[in-house]
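Engineer: Letter by letter, the chains look like this.
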Amino acid sequence: MIDFDIQTWIKVAAFSGGGLAMGLGAIGAAVGEGYTAAQANAAISRNPKLAGDVFKTMLMGQAIAESASIFALVVAMLLLFSKFPAQSYLTAWVLLSAGLSMGFGAIGAGIGAGFPAGAACTGMIRQPAASNRLMTNMLIGSAVCQTPAIFALVTAFILLFSNFSGRPVSPTWAAMLGAGLAAGLGAIGSGIGSGLVAESGCEGTARQPQSAPTILNVMLLGQAVTQTTAIYGLLISFILIFKDAPATDALAPAMALISAGICMGIGAIGPGVGEGFTARSAVSWVARSPDMVAEITRVMLVGQAVAESTGIYSLVIALVLIFVI
Amino acid sequence: MAIEGADLVKAAAYLGAGISMGLGAIGPGVGEGMAAAKACEAIGKNPKEAGLLTRTMLVGQAVSESTGIYSLVIALLLLFVV
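Going down the list, the sequences are from chains R and D.
Here this note's numbering is used: the first residue of the first sequence is 669, the next is one more, and so on.
Here this note's numbering is used: the first residue of the second sequence is 40, the next is one more, and so on.
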């Protein structure tokens with residue numbers, strides 16, 4: 669019943685992958701932009717005279733939050749309209765994986781970039797004199813939120829444009845699917861976490877414009893730590909894509925590879941969000957008492973290191989699944 | 040492709056290990072992050088008690104880490120023992 673030729677399967681995978689990329693990829697940006705618009709409206713209602721500034725900030729913030737979902741649109745278009753080589757069933761799995769990677773990868777960045785944009789809109793009303801600093805802080809903060817989506821985009825492009833024709837179909841199909849899931853799911857937590865940090869960076873800049881440089885430093889440090897688990901996801905996905913697995917018809921080696929991707933991808937979500945909570949709080953207290961930056965940063969880093977531990981367990985289990993089993 | 044029983048069991052064990060550690064890592068990551076967030080806030084309000092607050096944070100995080108370690112143990116059992 670499922671005895672179709674390779675070309676048919678590749679089309680099936682490309683169209684399903686394109687649908688998944690755009691469908692999943694639309695979630696985050698819409699949520700983030702909605703949050704921004706809600707904050708903008710609340711801000712304008714407090715001081716309608718500054719509506720123009722708030723409106724401008726809202727549109728800038730929403731444009732950045734939109735970028736992750738534009739990446740998803742590009743990948744979906746490529747999947748729909750490119751011609752793919754049809755020597756092997758592997759191509760079908762690769763295309764599906766590229767779609768999943770970009771779709772999941774866009775969720776976190778979209779939601780995350782909405783937080784600083786919303787806080788910047790509120791801040792414009794609270795402190796109109798600091799609007800330039802606020803805008804800079806928002807742009808830097810939400811740009812960092814996009815990095816995990818860019819990791820997912822890189823993975824999707826590598827999957828779409830590499831030539832895997834010399835590799836055995838089994839178990840490489842599982843490695844490819846695992847790679848997409850590791851990079852895609854792994855991007856969710858870091859995107860949301862970085863957004864939380866940038867939100868309090870914008871809020872702090874509006875409340876205490878004089879401590880803006882200190883706030884920016886701590887914000888970038890906190891965001892960098894939240895990105896680590898997305899980098900683990902990217903690492904596992906590169907290992908899965910480029911490591912040659914010996915050909916076998918057995919199911920277990922294939923499941924080990926796909927499991928490594930799922931383990932690292934899902935395992936990266938929690939630490940990313942949690943470290944974001946920590947850094948959000950640290951940034952907001954550095955804004956209130958900038959002279960205590962050393963103590964607060966130390967506690968932040970210790971707390972984030974502990975929250976990172978389960979991400980490292982996931983990395984270890986994923987590496988064991990790939991190299992030891 | 041004929042799949043043997045033993046192969047299927049191994050495949051399920053490997054998949055289970057990944058899912059166990061992956062899902063198990065979400066809760067502790069978020070929870071420990073919240074604990075550390077409150078510690079930052081508390082030290083911001085009352086810097087003199089930084090030592091006490093850091094100790095409490097670490098003990099609380101260690102307890103919330105336990106489910107992550109259970110997941111790790113189950114994943115290792117699935118990979119190497121079962």
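These are calculated hints, taken from the structure and not from any lab test.
Some hints here could point you the wrong way.
[To be verified] So, partial list: chain R residues that the calculated Cβ filter (under 10 Å) puts toward chain D:
no.	residue
1	GLY702
2	ALA706
3	ASN709
4	SER713
5	ALA731
6	GLU734
7	ILE738
8	VAL742
9	MET932
10	GLY944
11	PHE945
12	ARG956
13	VAL974
[Stated by the list, open to error] Under the rule of at most 20 Å between Cα atoms (straight-line distance), these lysine to any residue pairs were calculated in the SDA-like manner:
no.	chain 1	residue 1	chain 2	residue 2
14	D	LYS77	R	ASP959
15	D	LYS77	R	LYS911
16	R	LYS911	R	ALA892
[Stated by the list, open to error] Simulated coverage check for chain D against chain R, where a stretch passes if three residues somewhere in it have a Cβ under 8 Å from a Cβ of chain R:
no.	segment
17	66 to 78
18	101 to 114
Think of the CB as a built atom: it goes at the ideal place given N, C-alpha and C, for glycine as much as any other residue.
Engineer: Tell me the hint numbers this structure goes against, listed in increasing order.
Structural biologist: 1, 2, 3, 4, 5, 6, 7, 8, 15 and 16
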